[in-house]
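*Asks:* Listed here are the chains, written in short residue letters.
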Amino acid sequence: MTYIPLVFVILIVAVTVGLGVWATRMARTASDFYVAGRSVNVFWNASAISGEYLSAASFMGIAGLLMKNGYDVLWYPVCYAAGYLFLLLFIAGPLRRFGAYTIPDFAEGRFDSPLFRRIAVTFVLFIGFFYTMPQMKGAGVTMISILGWPYWAGVLVVGSVITFNVAMGGMKGITFVQAFQYWAKVFAIAAPVFVLMAVFGGYSQHLGRAAADPREAPKLERDAAVKIKGASAYPANILSFSPLSETTVTFPAGAAIARVSSSRAQGLARETGMPVDKVLRPAPDGLGSAQGFTVPPGATLTAVPYVVHWGSAPLMQWGQPVRGAPRLEFRDPTTVEIAAGSHAPNAPSNAQWLNPFGPLAGKWGYPLLYTYSLIVALVCGTAGLPHILVRFYTNPDGRAAKRTTMLVMLMLGAFYLFPPIWGALGRSVAPDLYAGHLTDSVVIELPKRLHNELLGQVLSGITAAGAFAAFMSTFSGLLVSMSGALAHDIYGKMLRPASSPAQRLAAFKISAVVAGAIAMGLGLLVETFDINMMVGWAFAIAAASYFPLLLMGSWWRGLTKYGAAIGMLLGGILSLAAIVTHMLLDKKMLVIQASPLVRTLLEQPAIWGVPLAILAMYVVSKLTARHVPGDVHTKMLRLHAPEEMGLSRDYIDH
Amino acid sequence: MEKPENPLHVPADRHHELAHAVMRRQAALSLRVASVFLLMLFGLPLVNYYLPDLAATPVLGFTATWLFLGVLFYPITWLLSWHFVRESDRIEAECADWRAVLGEEAGEPLEPAGVGEVKPAFIETDAVAEGEDSRP
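Protein sequences, first through last, are from chains R and A. Going left to right, the first sequence walks through residues 64 to 717 as my numbering numbers them. Going left to right, the second sequence walks through residues 1158 to 1293 as my numbering numbers them.
Among the hints, erroneous ones may be present.
Unchecked claim - Just so you have them, the derived chain A footprint on chain R, three or more residues with Cβ under 8 Å:
id: 1; segment: 151-158
id: 2; segment: 269-279
id: 3; segment: 309-318
id: 4; segment: 415-423
id: 5; segment: 435-446
id: 6; segment: 603-611
Claimed, not checked - Covered by chain A, per the in silico footprint, the following chain R stretches (three or more residues, Cβ under 8 Å):
id: 7; segment: 662-670
id: 8; segment: 698-704
Stated by the list, open to error - Restraint-style ranges between C-beta atoms, simulated for each label pair:
id: 9; chain 1: R; residue 1: Arg-344; chain 2: A; residue 2: Ile-1233; range: 47 to 55 Å
id: 10; chain 1: A; residue 1: Arg-1181; chain 2: R; residue 2: Val-654; range: 50 to 58 Å
id: 11; chain 1: R; residue 1: Ala-657; chain 2: A; residue 2: Tyr-1207; range: 25 to 33 Å
id: 12; chain 1: A; residue 1: Tyr-1207; chain 2: R; residue 2: Pro-298; range: 29 to 37 Å
id: 13; chain 1: A; residue 1: His-1173; chain 2: R; residue 2: Ala-77; range: 18 to 26 Å
id: 14; chain 1: R; residue 1: Asp-649; chain 2: A; residue 2: His-1173; range: 48 to 56 Å
id: 15; chain 1: R; residue 1: Pro-659; chain 2: A; residue 2: Ala-1185; range: 54 to 62 Å
id: 16; chain 1: A; residue 1: Ala-1185; chain 2: R; residue 2: Ala-296; range: 48 to 56 Å
id: 17; chain 1: A; residue 1: Pro-1215; chain 2: R; residue 2: Asp-175; range: 57 to 65 Å
id: 18; chain 1: A; residue 1: Glu-1251; chain 2: R; residue 2: Ala-477; range: 44 to 52 Å
id: 19; chain 1: A; residue 1: Ala-1185; chain 2: R; residue 2: Glu-334; range: 33 to 41 Å
id: 20; chain 1: A; residue 1: Leu-1188; chain 2: R; residue 2: Leu-518; range: 48 to 56 Å
id: 21; chain 1: A; residue 1: Tyr-1206; chain 2: R; residue 2: Gly-265; range: 23 to 31 Å
id: 22; chain 1: A; residue 1: Tyr-1207; chain 2: R; residue 2: Lys-685; range: 36 to 44 Å
These are calculated hints, taken from the structure and not from any lab test. For each residue, glycine too, the CB sits at the ideal point set by N, CA and C.
In isolation and in its complexed conformation, chain R is listed as follows (with noise of 0.2 Å):
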């Protein structure tokens, strides 16, 4: 029964291709290709806003990071959501109102500067490209996870069916494939969760069994045989035992393992290390030397826990001493059998999963500082996303944009209700992806623990297709952002100012495959990256850099061209350089001492980013304050005033 999830899959990718060839029929023009002929009603509209914003990460990783890591990661859908808010509030109304199709439109016409085009235009494809590996990446791992295909059949099957579909119907043609993949996505991540509510308990009855005994932490329910990476995937080859109850593990195939360390990795300073000959049993030869050691094939290893010694008295907490465990690290890949009733290896306990600033935010010692640096990264990464931006222009009218914008809000809303309820039963019903790093597959393997396999099936199907949907209908909007990027500012406005419309239009189709191309290729070099990594990079770059252009650009007149480029070129650079510095720093291919305060303030650089990118373009606006262009309170005007005034053009010819 296990190709019925492919049924599903290849059903959504049908639709998708025929709707596509359907929706071309009707794409003619080059206004059709590049803003849907600005004639998008507000419903499909929203739709298909909706349906391009929800991607692999909202779909798949939520869910899976919510099981991980707990009530911190409530705030991603949160600010996902919260971002669009930003967006109406103050950025949706003025700049389709400015008629600039895209950023780089925005830029110059605000500043009457070509090289500023350039400069945007160098954003929105660098933004994309980082943006469409993610998606890629989350293609091809489901198909790894549901078929068995290899790694790259996913990316291509995703690549070349969007490509085409762009390619052939432009802005016009993905709209209605986009709305389409909205309602697919709602369905399929809704309908599921009830049916697995009703056999395995609601929502607030899991979050009630962990705040009843938090203490404790989840247990399998079967034995369970899971897959161990090696050594190169780093830190998803850790198995971090429970420090609540011995669990004791056999090694089928035998295991290399690289280095025992605890549990308690982000210690305190006075805490007394691990006494590493008595937490495993048995004590294996080699055991703290520096090349590890090795477990024989059908051996047993015990892991016992320890109590944690705070200077020479135990740690207490909640009149309990605090205990730790072994955390293995392994060189090599290989399985591990665990027990059912074990506690299982990897999971926090119940009270730092339920309770705000648990194992993310509370990773370096600064919880608040941490959880507010990922606030303004989401919330302005989300208002600085090029492809998000340019489906405004497919609204007739800056007052159509606001309603769009409005219902977004409320599509979005209602999706984001339940992938947090995915990760809450996850972690009650299937604890030991937690053992295997698998906890972002969370909403595939789910269904497949009802006890009816062809409903497991089913079920398993559907919220595959809706994961398809979701890269599919990410994938062709930052396709179109990036076509349009190519064939419009580049071709169009650089190279040949004076081309026809048809010629632009052959742009646009030559653009998408061309850009089609180079991201299935991307995507193909990124198999061993993190999916939220990447999509970390992106919204740090977009945060500290479009957001603030946007935000200043349309509400301050002092603004020059100067001070917008060095604000943004300064935020993203810097921004970008710090989320890769700690990347290298977890990955242990930079050793270098950095406090927990800067390792919070790399890995989420928007606290800092945002504000010094606004400081940025304020000082040096000032101090080249003769540069503000000489009708700038008509730009004004033309951004904030109403339609009527009659003082809107737009950029791309009807």
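Go by the hints and put chain A onto chain R.
*Replies:* Chain A only, in chain R's frame:
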């Protein structure tokens, strides 16, 4: 999309003061809605941090803070955006007549002829706004 014969077109020498007036109204509304929203967004971590017992109060099987962030937050953003769009449309309807905006700002008397020409646009815009707002 130029409409050169439109009586509502603004002479270039009035752009400065009109931009100022229109932006001030829109910005005041945006900032008002944003402040409610930012208070929730930045206030909740403070509650979680300094009043952990309050945050963990059980409500309907959820902890209070989970219920707020995971469930109730979305309807609140819906209300805020609905309020914003309604008010923003009202401001635009008012601002569509630039003479009224500037007249009000500077205390100048309105020219009766101008008002007469503008009136139909007002009514039309309002009707559209009301019709759309009644959507569930």
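*Asks:* Evaluate each hint against the coordinates.
*Replies:* Now the hints, each set against the structure:
1. With a cut-off of 8 Å between beta carbons, the segment 151-158 of chain R has 4 residues touching chain A; three or more are needed, and the interface restraint holds.
2. Check on the segment 269-279 of chain R: 3 of its residues sit with their Cβ under 8 Å from a Cβ of chain A, so the three-residue criterion for coverage holds.
3. Check result for the segment 309-318 of chain R against chain A: violated, 0 residues qualifying (beta carbon to beta carbon below 8 Å, three or more required).
4. Residue count for the segment 415-423 of chain R with a Cβ under 8 Å from a Cβ of chain A: 4. That meets the three needed, and the coverage hint holds.
5. For the segment 435-446 of chain R, the stated coverage by chain A holds: 3 residues have a C-beta nearer than 8 Å to a C-beta of that chain, and at least 3 were required.
6. Under the rule that three or more residues need a Cβ within less than 8 Å of chain A, the assignment of the segment 603-611 of chain R is violated, with 0 such residues.
7. With a threshold of 8 Å between beta carbons, the proposed coverage of the segment 662-670 of chain R by chain A is violated, since 0 of its residues qualify and at least three are required.
8. Proximity of the segment 698-704 of chain R to chain A, defined as three or more residues with a beta carbon under 8 Å from a beta carbon of that chain, is established by the 4 residues found.
9. Taking 47 to 55 Å as the suggested C-beta distance range, the pair R:Arg-344 and A:Ile-1233 conforms, at roughly 53 Å.
10. A hinted range of 50 to 58 Å holds for the C-beta pair A:Arg-1181 and R:Val-654, which are about 54 Å apart.
11. For the pair R:Ala-657 and A:Tyr-1207, the beta carbons lie near 28 Å from each other, so the given range of 25 to 33 Å is met.
12. Taken as a hint, the range 29 to 37 Å holds for the pair A:Tyr-1207 and R:Pro-298, whose Cβ atoms sit roughly 32 Å apart.
13. A hinted range of 18 to 26 Å is violated for the C-beta pair A:His-1173 and R:Ala-77, which are about 57 Å apart.
14. Distance hint for R:Asp-649 and A:His-1173: a CB-CB separation of about 52 Å, consistent with the stated range 48 to 56 Å.
15. Between R:Pro-659 and A:Ala-1185, the C-beta spacing of about 41 Å breaks the proposed range 54 to 62 Å.
16. The hint said 48 to 56 Å for the Cβ distance between A:Ala-1185 and R:Ala-296, and at roughly 53 Å that hint holds.
17. Taking the beta carbon of each, A:Pro-1215 and R:Asp-175 are about 59 Å apart, inside 57 to 65 Å as hinted.
18. For the hinted restraint 44 to 52 Å between A:Glu-1251 and R:Ala-477, the CB-CB distance of approximately 33 Å leaves it violated.
19. About 53 Å separates the C-beta atoms of A:Ala-1185 and R:Glu-334, a value inconsistent with the hinted range of 33 to 41 Å.
20. At about 51 Å, the CB distance of A:Leu-1188 to R:Leu-518 agrees with the hint of 48 to 56 Å.
21. Our hint of 23 to 31 Å for A:Tyr-1206 and R:Gly-265 holds, since their Cβ atoms are close to 29 Å apart.
22. A hinted range of 36 to 44 Å holds for the C-beta pair A:Tyr-1207 and R:Lys-685, which are about 38 Å apart.
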